[in-house]
Amino acid sequence: MAATLNLSGLTDSDPGLNDQSASSRSSNRSLRIAERDRRKNEAEDPFALALKYFSDVEAGTPVIGNDQFENNLVLVETVAYSKGLPPEGISIMLEFAMSLRMGNSPCVRVLKCLIPATVVPQEAVVRAVVWLCVGKIPISSQVLFIKWVLTVFDLIDAKDQLRAIYGFIFNFVTEENLCPFICHLLYLLTRKESVQIFRVRKLLELQSKLGRQPFLLYLLSLYRVFCPELVTLSIPSRMRSGFRNHNSPWKSALIAVQKKNGSQVSPTISLPFMTNSRKRKHRHLEIPKLCSVVNKPAQTEPSFSRKVVPFMQLNSFTELLENLHRIELPAQMGSLLASSMALHYLDCVQDESALLRLNFWLGYTLHEEFLFNSDGGASQDLDEAQQFLNKLLFTQDFLQEGFSATEAFLYKFLRVWDGSLLRPQILSLLSNIPVVPSLKIGRLLFEPLMQLFFTSSVFFKCGLIECLNNMLSKWLSWHTVYALEDDLDISLNSHTSINMTLSEFKDSVMELVHFVGRLASVGLQLESYHSLLLSFILDFYETVCDTFVKYELPLIVMPPAGVFYPALFATEPVSVDRLAYIMYRYKVNLTSAKLDIKQKMKASHISRQTFYEFNHYKAIMVNCLWNSKMSEPDMGLQLKEELLCKSNIPEYWKSFDLINHPAFMSCAIDFHRKCWPRKRNVDLNSIKLSRPWTWYLQYLYSQGYNGLKQFVSSM
Amino acid sequence: NRFKSFFCSSSRAGCYHQVLCSLSVFLLQLVENEEQFQQSLADALVEESSVIVNVRLAKSLPVPTENETSRPRIDLVVFIINLTSELSFESAEASLKYLDCGYFLGKVCFLVTNARSVSVPAERLDAVRKLAALFHCPLLFVEDQTADGVASAAERLLTILKVAAGHVPITTSLYMSILAQCTVPPDIDQPSFD
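Chains as they are written, first to last, in this note's numbering: chain R, 1 to 715; chain D, 716 to 909.
Calculated directly from the structure, the hints in this document are not laboratory data.
Predicted model only: the values in this text are computed from it and were never measured.
Take these hints with a grain of salt, some might be off.
[What the hints assert, rightly or not] Derived pair list, reagent style DSS-like, types lysine-lysine, alpha-carbon separation capped at 30 Å: (1) R:K147 x R:K412; (2) R:K112 x R:K259; (3) R:K474 x R:K412; (4) R:K412 x D:K845; (5) R:K654 x R:K629; (6) R:K440 x D:K845.
Kindly produce the complete structure, drawing on both the sequences and the hints.
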């Protein structure tokens, strides 16, 4: 039976059919007819008989007590849930259901089992929409039908006729219960030609009636992209993530059928609704095939005034360049992610409708896959999810900007994240988010991150600090690229249209730096000054100390005491050396900032407090490491003299100079041995004399402590 | 060993603190109405080799009154809430009343499972957040279906447990609970009109 049902196997087994798109449909059909004839001969096939029953059954046949009907329907349901229905079966059953030949109750039951094995014939959907227009169907069944269409949308073999009846479908928006689903369907079908002034008016009218519903806003925002002159409405930059039409019963059944069919499933179809990201990835690499089915009719359609070239027909970069102005996007935007050519297109054309639709697709997919699991995450295939997110990361790296859909998704995901699921991917995605306005940054980002940071292991803490470091350097790079010189206004991330003034941007950066400062101080304390964590924190401050010189941002923030002192008193010389380097860079930045102020006669961007803090830290470092003076009156750390005496450490004030510092003592002893190999007892104080001291410094520098070298020579 | 652990926890504030803490015995009380996840979590916690964790399981509070006198002081009480079940939430909410108020100074923590499930009404998640925010407690989300998720939950619980039991220098449980306390997020979904 499997052989007879597997209609798609026939169409796909011959690659020529798919490639020669002009002839594929007709031959497809003739093949189907041949198949049908063959099936007629196989009278013993019960499934074919069942389908025949449903196509022939007369209107008004009673349902109750009708064993024949019951048996046939059970048979169809079994096949549907196990293998999925062939296209022909879908047509017959949909026609049966929507014509209400046996009333409403079988209609609902049939709709629920319409799981396609391969594709859904467009004609069937169009006929069903016609039945919808007849208006006999109860509203709940209508909703069910539209939901079904949305679920299988990407399996519909062509969309041209559906687009042709756009107006009919649009009429249903006035039906309040149907409106959200119809808007979603329209969103998927809309083209520039479909945007008409009367439709915009209708939608605006609905909006004033129903309020600012996200589904209306989404459709309107797409309309606005196509025809900005018709839609003058202001649309919020952050919107509810897409249409919330979860169709989980079909979805899970579809996944099950697709998984079971495995290789049988036509490789030309990829489902954005499916969990199967591996399939998604591979299928996307085969966009040409997919599009040849979807877009082919558009070319032959006479009503089209402009000639469009579907993406699938482009095979080389030169072809892309030649057709850049008349490219038609694939029906399924997700497929763009996997095509390098599509990425080039997105990058250079900056097609707003493409990005809008891609964002929409992405928002929907991320939401469905990661926030709305049918069983709490048990079925989620981690490998596939990982690959999908890696693909997304690659795309974002390529385009050098984050999608707003990813951003919105992350804000929600962080709130329910356990801190370990897909950690590398989530942290990388997080480091890609565009600048967050300082008013919102606390609630959106800092609150969930704090809760995760303080309750997680030291490795998570390191990962998060690294992620925030990457985030900061990306923000700063954006600033250098996008900052307009004249009015100091920057327009970040052109597609999300977030415009920021320089002072707003500075506020956001400052918030971020202060936030990491807080995390770092407390984190170090909680993890008892873990050297790995300290190293990541110093990485962060290496970015922070160079904001003025490297990124031309007039903002310098000093590290808090909770970071400075642990680094200064660290037991590993690397940390002290890096702190010295950071202090040296701060000095370079502050000096050039001061010069800048003098030259341009501008008011100081850098507050006096920063200069004061820097001088204060510098004095402490020089006193500790160089002058062997521990406590100065203004050091901030105050310890009573008697208390220090009580510790019984001889000459405690010398404890943190370059010789006695716990980090450098081994160097000092080593140096002592090399300098005076014959001396039996080690007297470190002898290094303090002026000549050995110079030699000792040379020795330290030769060990690679360049930070110290730069720090000392700049003082 | 039992005696030792009892001694350690009851005199935690005393001067034997430093000496006894080297024993690293922690007392953890898990409360879960459904009694599904707490067993696997307890196994993961006990397997942790660096410390000895004495895990006690309960369906709800109050625990039976027998052995009340010999019961040690608990370092951390963890309420496990399965978000897909209303009963689970209600039971945890009811159990909270029986907890001595001293525990709310940083010795209570909430653990939520199934937060990413389609069948969770947004209101319930909000209610749990409000509950945790009200008591200034940390709220952890857990992937209870995977082994990695359980292991990571155990690891995070230990992080909190160590602080709650006073094993981390300079830090107190109250400090930790203020740092990691749950907050009620703004509704990101609402379109902003600014």
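Flag every earlier hint the structure violates by its number, smallest first.
No numbers; nothing is violated.
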